[in-house]
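S.K.: Taken in order, these protein sequences are the chains called A and B. The first sequence begins at 1039 in this note's numbering and counts up by one. The second sequence begins at 8 in this note's numbering and counts up by one.
No lab work stands behind these hints: they were computed from the structure. None of the values given here were measured: they were computed from a predicted structure. Idealized CB from N, CA, C, for every residue including glycine.
Calculated lysine to aspartate or glutamate pairs in the EDC-like style (CA-CA distance at most 20 Å, straight line):
id	chain 1	residue 1	chain 2	residue 2
1	A	K1306	B	E127
2	A	K1561	A	E1361
3	B	K37	B	D217
4	B	K90	A	D1616
5	A	K1619	B	D87
6	A	K1566	A	E1093
7	B	K90	A	E1606
Taking CB as the label site, the calculated pair distances span:
id	chain 1	residue 1	chain 2	residue 2	range
8	A	T1240	B	S140	28 to 36 Å
9	B	R128	A	T1240	32 to 40 Å
10	A	R1311	B	K79	26 to 34 Å
11	A	R1687	B	K22	23 to 31 Å
12	B	K22	A	K1136	36 to 44 Å
13	A	L1631	B	H82	26 to 34 Å
14	A	R1687	B	K79	28 to 36 Å
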Amino acid sequence: MKVSSMAIKNVRRNYSFYSLYFFSVALVLAVFFCFVSFSMNEVILEKISSDGRVETMCRAVAVFVIAFVVFYMSYANQFFMRRRMKELGIYALLGYTKTRMLCLLTLENMLICAGGICAALPAGGLLHKGAVWGITAALGLAVDSSRIPLINLKAAAFCLLTVLAVLAALTLSNARLLWRSTLMETIRMERRTEKPFRIRPTAGVFGMLLLLAGYGLALDMGRGKASCWYRIGFSPIALLTMLLAVVGTALFILSFLPFVCNMFRDRKNIFYRENTIITVPKFMSRLRTNAKSLILLILLSGGTLAVFGATVLSVWYPLVSLERIIPSSMEFRVLDRGEKTAALEALDKTVGSGGYEFCETIVRKVKAASERLPAEYGISADKGREAGFECIRETDYESLRGLQGKKNNLPSLRTNECVLIKYRPDPSKRDIGAVYALETGGRRTCKVTVKDTSLENPIGFANSVGTLVVTDEVFEELGAGSAESYTVMSIGGRGLRTKKQAYEALRPILSGNPYFVSAFQRKSELIKLNSSTLLLISFAAVIFLIATGSILYFQTVSAAVYDRPDYEIMGRMGYNYDMIKRAVRSQVQIYFLVPFLMGTLHSVFALFCYKSALMDDLLGKSSAVLVPLLCAIGSYSLIYLIYYQVTKRACYRIILKEKGR
Amino acid sequence: MHTVLKVKDVTKTYKRQGNPALNRVSFEAKEGEFLGIMGASGSGKTTLLNVLSTIDRPDRGEIFIHNINVPKLNHAQAADFRKRNLGFIFQEYFLLDSLTVRENIAVPLTLLHWTAEEIERETEALAEAFEISSQLEKYPSELSGGQCQRAAAARAMVKRPPLIFADEPTGALDSGSSRDLMTALANVNQRSGTTILMVTHDPYAASYTDRILYFKDGCIHAALERNGQEWGDFYECILRETARQDKKR
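Please build the complete structure, drawing on both the sequences and the hints.
M.R.: Next comes the structure, spelled out in structure tokens:
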């Protein structure tokens, strides 16, 4: 029989075997084609990228995506090669040369890849269309969809070339495996032999300690300048943390989990139960055969989740911080009375006089002397301006908070008391009790004591940092001197923060005012700047999570095929369908749960470390990482849940099919 | 001794085959009896075993095990029935690879929710009876074929079922291992009074039984009883009958 007709017959007659390979290849190629189509979509790129940043990111992410396609297809190919070694051994016994066998394998791979490409192009095209629709809807872009074809021919050609390159690589890898294996090895490769598990409690406990130490170092970053990251150096500690996490994970899987399972095995009261007696030893057996993959999967999913979470955090955190950075809907320093009047008239026309409120606040920049001057006092000096406190009246503070729809949460002040508005959170409130001698003109000073500190600045950072809320009496006293003062106009109103028309009405009038800020404008800018990054990273993250899910699927389904006789004998011993299903389900659950939990745990600590190290803490809440974290874990859980369900059903089909269910 | 197994007019035809695999088969097995089933390949031995052990259903006829008409049981009831009343020994052992010998023997008892102490006690008693006490902590891959089959026999017997089905238990064993297994099986049979129904091609293994039914074309074609004969004499009888059956074929 010709090799080509044999390859076609093999694929046609072993549909259930090859379909697994076919669908996974089609899925990966569809995702790949979607990505390539997006990166070659000039219509959308010209809308979201003005400086070539998105194109650069696309090129960077493309490297990872191609690497993933190569890795994934090689893994799938190797997996199927191993499952076919006995069959190949029989071919060898029948007199097939290794070259002929390689031809057969290559032809089969070509058939599957050709089928995969045929399925992937329309599917990937649809995915791409969906992604474009999502981006245009999120960013409010006007895009002519008819200019975007379902199948981008350039992208299709690129995909085809990549697949050809991967096919060549697979052929080389198969050739290597065939020529390195003897006939005996080929026939025996499929046979599994169970050997006693060498339990190494010391290595297990050591691994656990390494992991805890790694997590401890990540948490230590939260101590800021007191942490060893600052004292010893970022790079060495980062490397050490990574090393601890990697080695700890490896030892956890290789030694700690087997040790825990063995403890279960020794506790006969727990172990001698119909489900446990099957599940625990089978899990131990799979730990031995798939330990390396599991370690890789944990690190891959942990890393992917951390990068994805960090990207979401980088987008989300500035948006949340906007409430502090620009507390009113719009704000500007009154540099010219005419400008102010024109602005209010423009607002009257756009939103109506009842559609907005405004508040004018006088800010006095005052020099002060104290042994405990806060960091905020010198922030202006860092930016080339004069150092000093920007003082506002207590009553103005209340009015501004009212304008912003917030409660006044400051304590009532006595004459010589003040409230310091902090730039960064200070949970220890160490400024309370500090006495500042505020210059009121000439050599006179007015002493105020800090009664409380707060993060709630009613004036935006563009107009005031290091704000001091003082009583109206003290404020008047400060006005008697030569303190520099200016007026800040804050505009608020229901729904005004998101009203584009209001911003656009003021923009031409205040275009020359460097102190003009708008919550709407800043938010739009942040979304525009970050959404493409978020999109590309999300894309890469989803691809990597799909890779981990697919690998788990392959391994679990393969184990189910191997274990089918075991389940048959269990059925004869009296395990009913529900009990067998439960045993199968438990095994799939444990096998999915280990990388899921470990990956999540790694990413939680990595994200905490990232946030503490690289992000300006404006909100002072550790819960600030919660939303990005939940977002990352949510996506991860969703992908895993889908894979878990698909895998579980595939295992049920494999194990229970022949019993008429 | 009362009847443990009563088979009455059992017929089974597979869709792809024209002739019935079992054709109006009827026989009985008494409590503690060691019954052998012999016959050429395709004579219906394995079908009979599957039907009797509730793995498959007959098209017609009745099978009573302890007065329960087993073909009438649904899937869950059949599984529960197997759990409590039947033991299995196979040619390929079918021990669970990832479990040690001790755990393999313990599995049927966990299904019956025995306590850990009871399971340990019974496991060790059976391991001693089948002379595999020193192998209890080993995995099946570390044992010889004979040891594996004795472990499988211990697993089948550990819950003391009233009826054990053995499908070619010596088929994959050398003569020494076959002898060890059959001796152990016969001893346990005599001591515990368990009824054993064994399908075999091997006249030597069959010589340990009390009675042999010869199957041909799905029917019982001949029967041979020990009737108090010594092992050697019964073995000679079996050889002669087997040769006669082969000639007829």
